[in-house]
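S.K.: Residue numbers (the numbering used here), protein chains in the order written: chain U, 85 to 381; chain S, 85 to 381.
What the hints contain is simulated information worked out from the structure, not anything from laboratory work. Do not rely on the hints blindly, as some may be mistaken.
Which copy is meant is left open, because identical chains are indistinguishable; a pair holds if it fits in one copy or across any two.
Stated by the list, open to error - Listed next, the in silico SDA-like pairs over lysine to any residue satisfying Cα-Cα at most 20 Å (straight line):
1. K181 to K357
2. K192 to I99
3. K192 to R182
4. K139 to T101
5. K102 to T166
6. K233 to K315
7. K189 to N222
8. K192 to N222
9. K89 to F367
10. K314 to N361
11. K247 to R237
12. K314 to G260
13. K192 to G179
14. K336 to L135
15. K173 to E186
16. K278 to R237
What you are looking at is a predicted structure, and each value in this text was computed from that prediction instead of being measured.
There are 2 protein chains.
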Amino acid sequence: MEKIKLTFLGTGNAIPTKKRNHTAMLLTYKDENILIDCGEGTQRQFRIAELSPAKITRILITHWHGDHVLGLPGLFQTIAMTEYQKTLKIYGPVGTKRFIEELDKMNKIEIPLEVHEVQGKFAENSEFYLESIPMTHNCPTLAYSFVIKEKLRLEKSKIKKFKLPNSPLLKDLAQGKDIKLNGKTIKASQVTYKEPARKITFILDTRLNDNAIKIAANSNLLVCESSFSKKEESQAREYMHLTAEQAAQIAKHSKSKKLILTHISQRYEHIPKIILNEAKKVFKNSQIVNDFDIIEI
Amino acid sequence: MEKIKLTFLGTGNAIPTKKRNHTAMLLTYKDENILIDCGEGTQRQFRIAELSPAKITRILITHWHGDHVLGLPGLFQTIAMTEYQKTLKIYGPVGTKRFIEELDKMNKIEIPLEVHEVQGKFAENSEFYLESIPMTHNCPTLAYSFVIKEKLRLEKSKIKKFKLPNSPLLKDLAQGKDIKLNGKTIKASQVTYKEPARKITFILDTRLNDNAIKIAANSNLLVCESSFSKKEESQAREYMHLTAEQAAQIAKHSKSKKLILTHISQRYEHIPKIILNEAKKVFKNSQIVNDFDIIEI
Numbered sequence: 085m086e087k088i089k090l091t092f093l094g095t096g097n098a099i100p101t102k103k104r105n106h107t108a109m110l111l112t113y114k115d116e117n118i119l120i121d122c123g124e125g126t127q128r129q130f131r132i133a134e135l136s137p138a139k140i141t142r143i144l145i146t147h148w149h150g151d152h153v154l155g156l157p158g159l160f161q162t163i164a165m166t167e168y169q170k171t172l173k174i175y176g177p178v179g180t181k182r183f184i185e186e187l188d189k190m191n192k193i194e195i196p197l198e199v200h201e202v203q204g205k206f207a208e209n210s211e212f213y214l215e216s217i218p219m220t221h222n223c224p225t226l227a228y229s230f231v232i233k234e235k236l237r238l239e240k241s242k243i244k245k246f247k248l249p250n251s252p253l254l255k256d257l258a259q260g261k262d263i264k265l266n267g268k269t270i271k272a273s274q275v276t277y278k279e280p281a282r283k284i285t286f287i288l289d290t291r292l293n294d295n296a297i298k299i300a301a302n303s304n305l306l307v308c309e310s311s312f313s314k315k316e317e318s319q320a321r322e323y324m325h326l327t328a329e330q331a332a333q334i335a336k337h338s339k340s341k342k343l344i345l346t347h348i349s350q351r352y353e354h355i356p357k358i359i360l361n362e363a364k365k366v367f368k369n370s371q372i373v374n375d376f377d378i379i380e381i
Numbered sequence: 085m086e087k088i089k090l091t092f093l094g095t096g097n098a099i100p101t102k103k104r105n106h107t108a109m110l111l112t113y114k115d116e117n118i119l120i121d122c123g124e125g126t127q128r129q130f131r132i133a134e135l136s137p138a139k140i141t142r143i144l145i146t147h148w149h150g151d152h153v154l155g156l157p158g159l160f161q162t163i164a165m166t167e168y169q170k171t172l173k174i175y176g177p178v179g180t181k182r183f184i185e186e187l188d189k190m191n192k193i194e195i196p197l198e199v200h201e202v203q204g205k206f207a208e209n210s211e212f213y214l215e216s217i218p219m220t221h222n223c224p225t226l227a228y229s230f231v232i233k234e235k236l237r238l239e240k241s242k243i244k245k246f247k248l249p250n251s252p253l254l255k256d257l258a259q260g261k262d263i264k265l266n267g268k269t270i271k272a273s274q275v276t277y278k279e280p281a282r283k284i285t286f287i288l289d290t291r292l293n294d295n296a297i298k299i300a301a302n303s304n305l306l307v308c309e310s311s312f313s314k315k316e317e318s319q320a321r322e323y324m325h326l327t328a329e330q331a332a333q334i335a336k337h338s339k340s341k342k343l344i345l346t347h348i349s350q351r352y353e354h355i356p357k358i359i360l361n362e363a364k365k366v367f368k369n370s371q372i373v374n375d376f377d378i379i380e381i
């Protein structure tokens with residue numbers, strides 16, 4: 085099973101610290117390299133992580149606040165210095181097209197872009213799709229899921245057992261079609277197994293809301309902002325952010341398997357365990373990430 | 085004598101590396117904190133250096149290429165989160181007002197700004213002045229000098245010798261006026277000495293040109309870009325940059341006292357001595373700086 089690799093390039097929030105840069109994550113799956121948000125300094129984080137920005141295929145923007153997007157112009161410039169042959173696909177909430185136009189006016193964008201303001205399912209192919217849903221923040225904001233679809237796979241031992249030759253019939257079986265071989269019917273279900281779907285959800289800046297639970301439903305990995313601790317719950321409400329406990333509630337109610345806490349405020353630079361412990365009380369399988377952490381599923 | 089402190093916040097060029105961020109320098113003298121250029125990620129460099137962006141009084145922009153200015157929006161945002169009571173003064177070449185307007189459209193600037201497109205001497209007061217001169221790059225570009233004026237100082241031992249009382253007469257002497265005390269003339273020159281002028285010049289992106297030598301004349305410190313080595317001289321000419329040797333020629337012909345090499349390309353990440361040695365052959369008192377180096381004069 086091909087792994088999905090998630091590299092955390094920035095796990096801080098509005099003000100960067102020595103340890104945490106602004107938000108950015110890179111999801112790698114086969115040829116896809118999907119960047120989720122791009123705070124100031126992201127291109128340097130790529131460099132430090134020894135990753136190539138020229139491999140990026142898509143960028144998902146949760147919202148157009150500075151700490152999530154100010155790395156875009158520099159990233160575009162650096163990609164333009166490579167021999168980038170692709171069309172970079174940018175997805176974001178309403179307003180994204182206008183923002184990209186403004187960026188282009190400031191600093192001419194020298195790579196081919198395709199800009200989409202999205203809602204619901206998008207970028208679907210036979211293997212995966214992306215999905216977005218509106219969040220509750222003080223500007224248009226989206227949460228995203230990356231979903232690899234359930235897939236039928238041929239079971240090698242069974243192929244041997246039934247002495248199936250390497251022929252187009254195998255393809256039929258892999259597509260769930262029963263076949264006839266030497267007058268005998270072989271059911272697809274006899275020689276295949278289902279590789280389960282996998283889902284990663286990204287919930288960045290938002291106040292607690294039902295859509296968050298909806299999009300996160302049954303995620304293998306829920307990456308969620310966790311800007312405040314329980315003590316600052318009123319501030320979280322005022323600034324439209326989540327506490328660690330609320331992030332854990334989303335994980336719990338959405339029946340997610342694992343919760344990843346990010347977007348950590350500078351006030352917890354030396355005491356991130358406060359955040360982690362509050363989440364763990366509600367949802368045991370919680371983890372707080374640092375810049376350059378890698379998680380694979 | 086109050087020192088001028090220069091903190092190098094970014095010493096790389098177009099593409100940041102693990103060791104070097106894009107260009108930014110902070111000049112501190114008494115209450116003045118003057119930032120020269122502000123590449124992407126500069127606010128985080130402030131944070132790592134444990135310096136406060138809220139103390140910045142002026143920003144000098146050499147030119148509006150991304151690697152010299154993309155840190156501005158984030159820096160403005162972070163300053164706006166402090167209780168910034170000053171009016172931030174921005175100086176730059178022709179086009180600076182338009183660029184600031186564009187930035188403001190993208191990301192509302194929430195601090196009071198005063199924007200000046202400068203030429204020649206500016207921001208002069210009794211203690212210091214700033215000066216700019218056009219360079220030769222592929223967009224409007226300026227080099228800058230910060231000059232502390234020569235100043236008359238009272239010599240304590242002489243004040244004692246002449247038994248001068250603590251009276252307004254001392255102020256007259258300090259201003260170069262001769263005085264009469266008990267019917268006797270005391271010349272200012274008898275009790276004062278001249279604290280010499282000090283000058284720091286900043287030459288960033290440019291091709292070799294006469295204005296560079298002109299503005300650098302008699303600098304105590306010449307901070308100069310040095311993007312290429314002699315081997316890449318044709319590239320330096322094509323991209324309108326300086327080689328280390330050319331930077332040293334400017335230092336030599338301008339009769340500068342010390343040359344500081346910065347804006348070092350990623351290709352010299354592990355071999356900066358190539359750059360330094362080429363400069364030293366022409367101008368012995370040369371030094372290459374790294375991020376977070378501090379130089380005081």
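S.K.: Each of the hints needs a verdict: does it hold here or not?
M.R.: The hints, checked one at a time:
| no. | hint | in the structure |
| --- | --- | --- |
| 1 | K181 to K357 | neither (39 Å within a copy, 46 Å between copies) |
| 2 | K192 to I99 | between (27 Å within a copy, 17 Å between copies) |
| 3 | K192 to R182 | both (14 Å within a copy, 15 Å between copies) |
| 4 | K139 to T101 | between (27 Å within a copy, 18 Å between copies) |
| 5 | K102 to T166 | between (29 Å within a copy, 19 Å between copies) |
| 6 | K233 to K315 | neither (40 Å within a copy, 54 Å between copies) |
| 7 | K189 to N222 | between (25 Å within a copy, 18 Å between copies) |
| 8 | K192 to N222 | between (29 Å within a copy, 15 Å between copies) |
| 9 | K89 to F367 | neither (23 Å within a copy, 51 Å between copies) |
| 10 | K314 to N361 | within (11 Å within a copy, 57 Å between copies) |
| 11 | K247 to R237 | within (17 Å within a copy, 101 Å between copies) |
| 12 | K314 to G260 | neither (50 Å within a copy, 66 Å between copies) |
| 13 | K192 to G179 | both (19 Å within a copy, 15 Å between copies) |
| 14 | K336 to L135 | neither (33 Å within a copy, 42 Å between copies) |
| 15 | K173 to E186 | within (17 Å within a copy, 24 Å between copies) |
| 16 | K278 to R237 | within (6 Å within a copy, 87 Å between copies) |
Hint compliance for this structure: hints 1, 6, 9, 12, 14 are not met, and every other hint is.
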